[in-house]
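Enquirer: Sequences and hints are given; from them, build the entire structure.
Which chain is which? The protein sequence lines are E and X, in order.
Residue 49 in the numbering used here sits at position 49 of the first sequence, and the numbers go up by one each step.
Residue 157 in the numbering used here sits at position 46 of the second sequence, and the numbers go up by one each step.
In short, the hints are calculated from the structure, not lab data.
Do not rely on the hints blindly, as some may be mistaken.
[As the list claims (entries may be wrong)] Sample of chain X residues at the chain E side, in silico, Cβ under 10 Å: (1) Ala-142; (2) Lys-181; (3) Gly-218.
We put the CB at the ideal spot given by N, CA and C, even for glycine.
So the chains spell out like this:
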Amino acid sequence: AQSVTQPDIHITVSEGASLELRCNYSYGATPYLFWYVQSPGQGLQLLLKYFSGDTLVQGIKGFEAEFKRSQSSFNLRKPSVHWSDAAEYFCAVGRDDKIIFGKGTRLHILP
Amino acid sequence: DGGITQSPKYLFRKEGQNVTLSCEQNLNHDAMYWYRQDPGQGLRLIYYSQIVNDFQKGDIAEGYSVSREKKESFPLTVTSAQKNPTAFYLCASSIAQGAHGYTFGSGTRLTVV
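Expert: In structure tokens:
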């Protein structure tokens with residue numbers, strides 16, 4: 001069955017520190033991969049996406065993600081977080097008619 | 112600017128009443144989706160439509176109904192049969208099938224009082 005796992009429900013990092021959010025998926029073929037961000041009470045905004053080609057993809061707001069086929073992972077990274085990055089982050093996979101979302105990781109930033 | 116508009120932002124419903132959530136897009140997207148979001152549950156798909164006058168049930172369709180009479184509009188009705196309707200509802204759209212990623216509306220928070 002297709003699934004997306006985000007193993008960390010909450011992550012807390014200090015402002016200026018580096019960040020990595022984990023995402024693993026189970027899918028029959030290589031899916032298209034996405035990361036979205038959601039601020040409280042708002043919709044989801046697309047940070048980046050991977051379809052094919054270079055496995056390291058750059059997104060908005062200084063985020064990047066790396067696709068590792070052997071590990072079925074698509075982890076999100078940022079070298080230095082800002083207080084405004086505090087939000088919930090969703091990994092998603094899809095290929096055909098719809099996308100499957102993980103349950104999300106809430107990021108907290110310490111001043 | 113193109114985008115998806117959900118209205119209203121907040122909605123209160125008495126038990127036993129039906130209520131309709133609006134979703135309109137001017138992106139010329141073919142596919143539209145309704146998700147329900149509860150704390151710790153992520154996004155769960157209610158219904159989706161890939162073309163006008165056609166739609167499919169998602170994972171939690173019971174107690175909900177939709178219509179797709181126009182490409183731009185995909186309203187969701189929460190019926191009295193939905194036992195726990197209090198949630199945050201998100202509408203999304205995409206070019207053709209969903210593989211290119213979704214554009215989301217800003218959501219409607221429905222509360223049963």
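Enquirer: List in ascending order the numbers of the hints, as given earlier, that are violated by the structure.
Expert: The structure conflicts with hint 2 only, although it agrees with all the remaining ones.
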